[in-house]
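Chemist: Given next are the chains, with one letter for each unit.
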Amino acid sequence: MAVAAAPVVVIGIGNRHRGDDAAGLMVTDRLRVAPPTGADLAESAGDAMDLAALWGGRTMAILVDAVAAEGEAGRVLRLEGSDPLPREPSTCSTHGLGVVEAIELARVLGTLPSRLVLFGITGRDFAQGAPVSAAVEAALAEAEHAVRTELRSLSREAEDA
Amino acid sequence: MSDANGKAEGSRTIRVDYLARVEGEGSLHLGIRDGAVEDVRLAIFEPPRFFEALLRGRGFGEAPDITSRICGICPVAYMMSAVHAMENAAGVSIAGPIRDLRRLLYCGEWIESHVLHVAMLHAPDFLGYPDAIAMARDHGEHVRRALGLKKAGNDIVRLLGGREIHPINVRVGGFYKVPTRRELSTLTEPLLRARDAARALVDRVAAFPFPEYEQDYEFVALRHPDEYPFNEGRVVSSRGIDIDVADYDSVFEEFQVPHSTALHARIRGRGSYLVGPLARYALNSDLLSPAARDAAAAVGLGPVCRNPYRSILVRAVEVLHACDEALRLIAAYTPPDAPFVAVPVQDAVGLAATEAPRGLLYHRYRIDASGSILDARIIPPTSQNQGAIEEDLRRVATACLDMPDDALQGRCEQTIRNHDPCISCAAHFLKLTVERT
Numbered sequence: 000m001a002v003a004a005a006p007v008v009v010i011g012i013g014n015r016h017r018g019d020d021a022a023g024l025m026v027t028d029r030l031r032v033a034p035p036t037g038a039d040l041a042e043s044a045g046d047a048m049d050l051a052a053l054w055g056g057r058t059m060a061i062l063v064d065a066v067a068a069e070g071e072a073g074r075v076l077r078l079e080g081s082d083p084l085p086r087e088p089s090t091c092s093t094h095g096l097g098v099v100e101a102i103e104l105a106r107v108l109g110t111l112p113s114r115l116v117l118f119g120i121t122g123r124d125f126a127q128g129a130p131v132s133a134a135v136e137a138a139l140a141e142a143e144h145a146v147r148t149e150l151r152s153l154s155r156e157a158e159d160a
Numbered sequence: 000m001s002d003a004n005g006k007a008e009g010s011r012t013i014r015v016d017y018l019a020r021v022e023g024e025g026s027l028h029l030g031i032r033d034g035a036v037e038d039v040r041l042a043i044f045e046p047p048r049f050f051e052a053l054l055r056g057r058g059f060g061e062a063p064d065i066t067s068r069i070c071g072i073c074p075v076a077y078m079m080s081a082v083h084a085m086e087n088a089a090g091v092s093i094a095g096p097i098r099d100l101r102r103l104l105y106c107g108e109w110i111e112s113h114v115l116h117v118a119m120l121h122a123p124d125f126l127g128y129p130d131a132i133a134m135a136r137d138h139g140e141h142v143r144r145a146l147g148l149k150k151a152g153n154d155i156v157r158l159l160g161g162r163e164i165h166p167i168n169v170r171v172g173g174f175y176k177v178p179t180r181r182e183l184s185t186l187t188e189p190l191l192r193a194r195d196a197a198r199a200l201v202d203r204v205a206a207f208p209f210p211e212y213e214q215d216y217e218f219v220a221l222r223h224p225d226e227y228p229f230n231e232g233r234v235v236s237s238r239g240i241d242i243d244v245a246d247y248d249s250v251f252e253e254f255q256v257p258h259s260t261a262l263h264a265r266i267r268g269r270g271s272y273l274v275g276p277l278a279r280y281a282l283n284s285d286l287l288s289p290a291a292r293d294a295a296a297a298v299g300l301g302p303v304c305r306n307p308y309r310s311i312l313v314r315a316v317e318v319l320h321a322c323d324e325a326l327r328l329i330a331a332y333t334p335p336d337a338p339f340v341a342v343p344v345q346d347a348v349g350l351a352a353t354e355a356p357r358g359l360l361y362h363r364y365r366i367d368a369s370g371s372i373l374d375a376r377i378i379p380p381t382s383q384n385q386g387a388i389e390e391d392l393r394r395v396a397t398a399c400l401d402m403p404d405d406a407l408q409g410r411c412e413q414t415i416r417n418h419d420p421c422i423s424c425a426a427h428f429l430k431l432t433v434e435r436t
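Top line first, the protein sequences correspond to chains A and B.
Just so you know, numbering that gives the first Met the number 0 puts 3 at position 4 of the first sequence, and the rest follows in order with no gaps.
Just so you know, numbering that gives the first Met the number 0 puts 56 at position 57 of the second sequence, and the rest follows in order with no gaps.
No wet-lab data here; the hints were simulated from the structure.
Hints may be right or wrong, so weigh each one.
From chain B, some residues computed to sit far from chain A (all C-beta separations above 12 Å) [stated by the list, open to error]:
{"#": "1", "residue": "Glu61"}
{"#": "2", "residue": "Ala135"}
{"#": "3", "residue": "Glu163"}
{"#": "4", "residue": "Ala406"}
Cβ-Cβ distance ranges computed for the label pairs, FRET-style [stated by the list, open to error]:
{"#": "5", "chain 1": "A", "residue 1": "Ala126", "chain 2": "B", "residue 2": "His28", "range": "36 to 44 Å"}
{"#": "6", "chain 1": "B", "residue 1": "Pro343", "chain 2": "A", "residue 2": "Asp28", "range": "39 to 47 Å"}
{"#": "7", "chain 1": "B", "residue 1": "Gly147", "chain 2": "A", "residue 2": "Pro83", "range": "24 to 32 Å"}
All residues carry an ideal CB built from backbone N, CA and C; glycine is no exception.
Kindly produce the complete structure, drawing on both the sequences and the hints.
Modeler: What follows is the structure, given as structure tokens:
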């Protein structure tokens with residue numbers, strides 16, 4: 000777990016052994032090849048308390064996670080922390096409190112970073128031991144680009160401020 | 000989440016697709032006919048994970064890291080049972096600072112696991128909320144304190160284990176690296192605050208409304224002459240069992256039931272039993288730290304608690320004990336000369352039981368002269384508790400038949416959560432069906 004004091008943290012979320020659920024972690028793998036400046040890279044299984052610890056005290060958090068959504072696999076979605084999030088009960092968290100619950104809980108407690116962006120990569124197959132689908136594999140570069148663009152945009156905003 | 004489907008006259012079905020706040024994949028079926036509970040099945044449909052088969056042929060030193068992957072919540076328990084079993088096979092007994100560090104690591108896990116369950120997963124049942132988020136809107140301070148308290152446990156596991164979940168610093172014989180006194184002392188201040196928070200948690204939980212219900216469980220836990228049990232002790236019960244762990248298989252047995260992929264367990268010739276906080280407390284409350292003992296007395300727990308709904312209170316007391324024990328161990332710590340003791344390989348059987356947060360966790364391995372594991376058997380607490388949970392459900396449902404379906408369903412879910420079942424799989428939900436005919 001990264002605990003350095005950078006104001007921004009990028010958190011890849013997922014499970015490498017459940018097919019497309021590895022997408023978020025694979026994006027942080029790609030980011031790690033040329034680490035962005037001014038941001039920490041971290042990984043999480045998506046537990047709410049783990050996430051709260053990772054983004055605690057940061058001004059911004061970027062989450063990258065596979066999402067189950069209708070439509071084609073391999074789309075990259077962008078959600079702001081201020082957007083309404085689906086509140087289906089968690090079925091993928093080892094603790095019954097997952098990513099959405101982490102965001103909602105932090106919102107209730109007033110501990111959300113001032114900006115939170117979630118990049119979701121729509122997945123198709125989350126079975127145990129399944130390989131990452133070709134559609135998700137093909138979307139990783141787009142997701143990586145989206146994260147880097149977000150970070151550059153944030154950096155420019157900070158310079159302008 | 001539930002929906003009600005009217006069936007034939009006099010017949011109703013309640014279906015819950017997802018029960019949050021429990022661990023694992025399973026379902027509950029209650030068959031109610033003519034106003035009587037006929038059939039109770041806590042069915043675990045978690046796919047087999049084959050850990051015991053996976054261990055065959057692996058080196059005995061790999062068992063702690065492999066078995067820790069069984070559970071993301073109590074990996075320390077799996078590691079500890081594995082290292083003790085392997086050391087038992089080799090005839091090695093670890094004492095001194097390494098043993099103390101193991102107990103400290105266990106303190107961290109108990110704090111993490113218990114606080115999560117008490118404050119976030121189980122408390123909403125008592126306070127009338129569907130989940131922790133809804134609860135946090137009205138009880139933000141409670142949740143903030145719990146997060147801080149849990150963090151103290153995380154800090155212990157991270158410092159000793161290398162990371163908070165699935166530690167990587169534990170090995171047969173000890174640790175790969177041990178902390179300096181200075182490193183360990185960084186935990187003291189957070190733990191002092193945690194201890195205050197734990198004491199407040201006991202008081203807060205004690206004020207919850209507890210359903211009136213008692214069950215005459217046979218409690219089973221480890222018992223050590225001097226310590227509230229984590230790592231070792233004799234296996235004792237509230238009805239007279241008092242055996243060395245080596246005799247576990249002669250007293251307890253696993254068996255299969257058609258409706259569950261997880262094995263059940265029973266005392267041979269006697270039936271179900273209960274492991275976990277209620278059992279530990281009933282059999283060891285005299286060994287709690289003075290502050291934990293006082294706190295338990297102050298909230299009226301008494302030496303034995305048979306009300307499973309009050310298990311949340313016992314867990315809170317155990318959190319306070321774990322904070323006290325952690326502080327004691329840190330204050331007394333002197334680093335060992337070496338981080339681990341060499342453990343020789345020999346053709347032997349090794350077994351051990353330790354106290355996971357949810358109860359007694361038994362490991363047994365047979366290894367050959369080269370150190371390869373020939374076979375492995377792991378009996379987790381939830382397997383052992385399945386029978387007792389079903390009996391609870393049968394009695395609770397019988398007593399609550401007059402409740403509307405929604406209320407009965409909620410009470411059944413709460414009853415399951417009393418035992419913090421850890422079905423331990425990557426996707427977690429429990430399907431509950433109540434049929435009334």
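Chemist: Now look at each hint and say whether the structure bears it out.
Modeler: Structure-based check of each hint:
no.	hint	result
1	Glu61	holds (18 Å)
2	Ala135	violated (4 Å)
3	Glu163	violated (7 Å)
4	Ala406	holds (19 Å)
5	A:Ala126 / B:His28: 36 to 44 Å	violated (26 Å)
6	B:Pro343 / A:Asp28: 39 to 47 Å	holds (40 Å)
7	B:Gly147 / A:Pro83: 24 to 32 Å	holds (29 Å)
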